[in-house]
Amino acid sequence: MKKVSVIGAGTMGSGIAHTFAQQGFEVQLIDKEQEPLKNAIESIEMNLKRQQEKGLIEPQKVKETIKNIQPESNLKKGVETADLVVEAVIENFDTKAKIFQQLDEFCPKTCILSSNTSSISIGKLAAFTKRQDKVIGMHFMNPVPVMKLVEVIPGINTSRETVKAILKVTASLGKSPVLVKDYPGFIANRILMPMINEAIFSLHEGMAGVEEIDQVMHLGMAHPMGPLELADFIGLDVCLAILKVLQEGMGSNKYAPCPLLVNLVNAGYLGKKSGAGFYAYQSGTKQKQVANYFNNH
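Numbering-wise, the sequence shown is residues 1 to 297 according to the working numbering.
What the hints contain is simulated information worked out from the structure, not anything from laboratory work. Note that the coordinates shown come from a computational prediction; the quantities given were computed from them, not determined experimentally. We treat Cβ as the ideally placed atom computed from N, Cα and C, and that holds for glycine. There may be inaccurate statements among the hints.
Pair ranges (Cβ atoms, derived) [stated by the list, open to error]:
1. Gln287 / Phe201: 26 to 32 Å
2. His204 / Met1: 44 to 50 Å
3. Asp94 / Ile66: 32 to 38 Å
Straight line, CA to CA, 27 Å or less: simulated DSS-like cross-link-like pairs of lysine-lysine [claimed, not checked]:
4. Lys3 / Lys148
5. Lys98 / Lys244
6. Lys181 / Lys244
7. Lys175 / Lys2
8. Lys2 / Lys32
9. Lys286 / Lys148
10. Lys98 / Lys76
11. Lys3 / Lys32
12. Lys32 / Lys288
13. Lys32 / Lys77
14. Lys49 / Lys38
15. Lys32 / Lys67
16. Lys175 / Lys63
17. Lys77 / Lys2
18. Lys76 / Lys32
19. Lys175 / Lys49
20. Lys2 / Lys76
21. Lys288 / Lys49
22. Lys164 / Lys181
Let the hints inform the model, and build the full structure from the sequences given.
Okay, here's the thing in structure tokens:
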């Protein structure tokens, strides 16, 4: 397995492409828009230079990694020789299902099709292909080059050979693959999202402020960042989408998203990527402050 195609040049897609390319894989980074591709390559170069400055990689490795990534806007051209495809587009079932239909048509018959979905059923996506035995979930964590965990999720018809191949390739990336079953949210988000949602409910009900809620979890539970800051980092729209999948898939209102989260997403407060969510972020810096919305209400 040498040739990998990554679909989607957003934060996750660029991180996945970076990780495979750094380990010597030939990567096609695919997005139908040129701007995300340009931004992704620039982001990968910047992150590689940071690794170099920290002494984690040699200058030659930076050059080799960039050389291993080929940006591509034509899906068919980008996947026609792939050994493995990693789909990393928006967390929307219809969008992913359409892509899997196209991948099944365009990819070599031997190619494994994987999804970086954080909540959507692998078996349901596999049903849109004629190679259900070669469809699997590879749920990377953000930021991909740093985080060690990859949830590996077989669908109901995924073959043992496909599972073994993905466990092997994941380990070759320096990651720690964890095998989980194909249920809504898998393990990471089935546990994480209710916690984030409960933090948002606590804010919504006036129990404490944004910073105070995050401090309790950061200082009291030794979490690297509080749940509201983490929600901003993930993307509030992504959190909302995952909670809806959990609510529908598990048939329980236990996972119903807090109305405050819904209102924020509807108003365009999507977190760090939009410049504001629970916090407001200064462009180009790591500085943040509680969003004005919460100071005015």
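Results of checking the hints against the structure:
1. Range check, Gln287 to Phe201: about 27 Å between beta-carbon atoms, so the 26 to 32 Å window is met.
2. At roughly 47 Å, the beta carbons of His204 and Met1 sit within the given window of 44 to 50 Å.
3. Here the CB-CB span from Asp94 to Ile66 is close to 34 Å, well matched to the stated 32 to 38 Å.
4. With a CA separation close to 22 Å, the supplied pair Lys3 and Lys148 stays within the 27 Å bound.
5. With a C-alpha separation of about 20 Å, the suggested pair Lys98 and Lys244 falls inside the 27 Å cut-off, and the hint holds.
6. Among the hinted pairs, Lys181 with Lys244 is consistent with the structure: their alpha-carbon atoms are about 19 Å apart, no more than 27 Å.
7. With a C-alpha separation of about 17 Å, the suggested pair Lys175 and Lys2 falls inside the 27 Å cut-off, and the hint holds.
8. As the CA atoms of Lys2 and Lys32 are separated by approximately 23 Å, the hinted pair is consistent with the 27 Å bound.
9. For the proposed pair Lys286 and Lys148, the alpha carbon gap of about 23 Å is at most 27 Å, so the pair holds.
10. This hinted pair checks out: Lys98 and Lys76 have alpha carbons roughly 13 Å apart, not beyond 27 Å.
11. Of the pairs offered as hints, the one joining Lys3 and Lys32 holds, with about 20 Å between alpha carbons and a cut-off of 27 Å not exceeded.
12. Proposed proximity of Lys32 and Lys288 is contradicted: the alpha carbons are some 32 Å apart, above 27 Å.
13. With a CA separation close to 12 Å, the supplied pair Lys32 and Lys77 stays within the 27 Å bound.
14. The suggested pairing of Lys49 with Lys38 holds, with an alpha-carbon distance near 17 Å, which does not exceed 27 Å.
15. Of the pairs offered as hints, the one joining Lys32 and Lys67 holds, with about 21 Å between alpha carbons and a cut-off of 27 Å not exceeded.
16. Between the alpha carbons of Lys175 and Lys63 the distance comes to roughly 22 Å, so the proposed pair stays at or under 27 Å and holds.
17. For the hint linking Lys77 to Lys2, the alpha-carbon distance of about 17 Å falls within 27 Å, and the restraint holds.
18. For a cut-off of 27 Å, the pair hint linking Lys76 to Lys32 stands: about 11 Å separates their Cα positions.
19. Annotation: proposed proximity of Lys175 to Lys49 holds, straight-line Cα distance about 21 Å (limit 27 Å).
20. Of the supplied pair hints, the one linking Lys2 and Lys76 holds, its CA atoms being roughly 18 Å apart against a limit of 27 Å.
21. Straight-line distance between C-alpha atoms of Lys288 and Lys49 comes to about 24 Å, which keeps the hinted pair within the 27 Å bound.
22. The suggested pairing of Lys164 with Lys181 holds, with an alpha-carbon distance near 15 Å, which does not exceed 27 Å.
Going through the hint list in order, the structure does not satisfy hint 12, though it satisfies all others.
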